[in-house]
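Add chain F to chain L, keeping to what the hints say.
Listed in order, the protein sequences are those of chains L and F.
Just so you know, the first sequence maps onto residues -1 to 271 in our numbering.
Just so you know, the second sequence maps onto residues 58 to 362 in our numbering.
It cannot be assumed that every hint is accurate.
Simulated coverage check for chain L against chain F, where a stretch passes if three residues somewhere in it have a Cβ under 8 Å from a Cβ of chain F [to be verified]:
{"#": "1", "region": "23 to 30"}
{"#": "2", "region": "82 to 89"}
{"#": "3", "region": "135 to 148"}
{"#": "4", "region": "198 to 209"}
Listed below are several chain L residues computed to face chain F (Cβ distance under 7 Å; list not exhaustive) [what the hints assert, rightly or not]:
{"#": "5", "residue": "A7"}
{"#": "6", "residue": "R8"}
{"#": "7", "residue": "L12"}
{"#": "8", "residue": "I19"}
{"#": "9", "residue": "L109"}
{"#": "10", "residue": "V111"}
{"#": "11", "residue": "V119"}
{"#": "12", "residue": "V222"}
Hint data in this document are derived by calculation from the structure and do not stem from the laboratory.
Note that the Cβ used here is the ideal one computed from N, Cα and C, for glycine as well.
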Amino acid sequence: MTHGLSRAARQVPLVLIALVILVPLYFMVVNSFKTNDAFVASPLGLPTHFSFRAYREALAGRNVGVLFLNSAVIAVVSVTVATAFGALAAFALAKLRFRGRDLAFRLMLPLMVIPPIALLVPQFKLMSAAGLVNHRASVILIYVGLMLPFTVYLLRNFFISFPDELLAAASLDGCSTFGAFRRVVLPVSMPALLTAAIVNFVFAWNELLIALVFLQSEGSRTLVVGLTVFRSRFSLDVPVLMAGLTVATLPVLLIYLFGQRFLVRGLLAGSTK
Amino acid sequence: MVRTGRASARNGRRAGRGPRTLAPYLYIAPAAVVLLVVFGYPLVRLLTDSIASPGILGQVDYGFQNFTAVLGDPELHRAFLNNLRLFIAVPVMTAIAVLLAALLHEQVGGWRFYRSIVFVPYVLAIPVVGIIFSYILQRHGLLNEFLANVGLGGLAQDWLGDRHLAIWSVWAVIVWQQVGFGVVLFLARLSSLDPALLEAAMLDRAGWWARFRHVVIPHLAPVIEFFVTLSLINMLSWVFNYVYVITNGGPVHSTYVTELVIYQHAFQDGLPNLAAAVSVLLLIFATILLSVQSIVRRRVEAMES
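In isolation and in its complexed conformation, chain L is listed as follows:
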């Protein structure tokens, strides 16, 4: 049979794609462990001895610690708030009846396609009137707004399949509507809540444009903005820049590896409804 041959033939495109994906990542990681001379001599070779100098320098200078903390605070707070607000709204849109419900849900999709840059100037005027420019709160508020349409959309599509009979049973047991939401609906919706949280965390951690415009003071910048703004200072010492990029990548990579299985299932449920 031609089975063995075709099996080999199938590996060829996959190996090629894997190489195309991995070489740039290899470039980043391997050079972060080199001295600058070793990088210049051979940008692709393995380091002759592993040096942590680049990490020490990246973490010591430029307050990478502060940048990291800013990114973490912004991502964690905005994801928590967006998931909480989004779950409340999605529950009402899925299980409660009120005037304007369908219209409210139908607004979520168009909100997702509004280019964030289009609203930046009015948002900036609003935030400077409120005295929030250069404060993490401004970015957190806008991130929550940008996360909500997707979060509500995904969670509503998940909640809607929750059996009404269970809600009715909870009410017979003396549960209030909110009690049923908190103690019955939320616990079984963990996969969907995690999917929303993971997608939103990756978005918040990686976002550049809004953080760039609203956080202009050095003390309030995020890690991604810091790397973008300061990259020219590192142009003579690429290993330090690569160490910074690796540090910035680790949290999202870990979250992805941890949440991979939820992510795939959750996104699919949200996309085909």
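Chain F in isolation, oriented as in the chain L frame:
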């Protein structure tokens, strides 16, 4: 009392009024307030800004002069043309992703590994990706060095410094990062494909290509539609970060995209009203794109039923 959708449907319309209906609004209130601040007010302000022109003496003229100004601006034409070039990435990305997903679905050796790898670029920050690729694509970068080493030095180019090439280099980086999302999406959808269908096709001696065309593609159709729509919107509204980090619009403005024109007007030239006009045009185009998609979908659904 828990009021489910079904219960209140039984109670009829009267139950929909009165004091008890206040509760659902409390659930959506927090989200609604945030959406009003982040989208509502800025959208209204954007529309009024786009038709206002502050004069030198402090008076404000209203009219469509901002629109005529930006519509006649060759910079915007060039930028928009670049967005259209990026649209070409969508069918390419989709084709690669569908093929890869079909291969991985057959559970070739190491498919779990490949599946994990292929999604990794998608979770990286665009600035991280952009900075790595600027080292790979620069004149004395990794790619040209590789080409020279395998005897293809003649193909070496100034990937980011050439006015005609730079936008295509950005294009390639976008494909590199986003193709994995398609693969994972399609693969997840294929897991619900009835294996008996593929086996039946094999018994009929249908070749790989025939099975791909007549079994795999039809099963994937709805998710392909979702991915294509999402990617088109991305190429229109979410490519600022790539261009800003990789080329910053250069060389000589050859990689400007619509978002970068807005950014330039708003934050560099101090022309927020022109920025607002371009933003409104971008919104209109995104809306057209969405409605075309929903019309196509309805046509297809009508044809199927």
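The hints, checked one at a time:
1. 23 to 30: Since 3 is at least three, the answer is holds.
2. 82 to 89: Answer holds; 6 residues pass the 8 Å Cβ test.
3. 135 to 148: Contact hint for the region 135 to 148 of chain L vs chain F: holds, 7 residues under 8 Å.
4. 198 to 209: The restraint on the region 198 to 209 of chain L holds, since 5 of its residues have a Cβ under 8 Å from chain F and three suffice.
5. A7: violated (10 Å)
6. R8: Status holds, d = 5 Å.
7. L12: Holds, about 5 Å.
8. I19: holds (6 Å)
9. L109: Status holds, d = 6 Å.
10. V111: holds (5 Å)
11. V119: holds (5 Å)
12. V222: At about 5 Å, which falls below the 7 Å cut-off, the nearest Cβ of chain F leaves the hint on V222(L) intact, so it holds.
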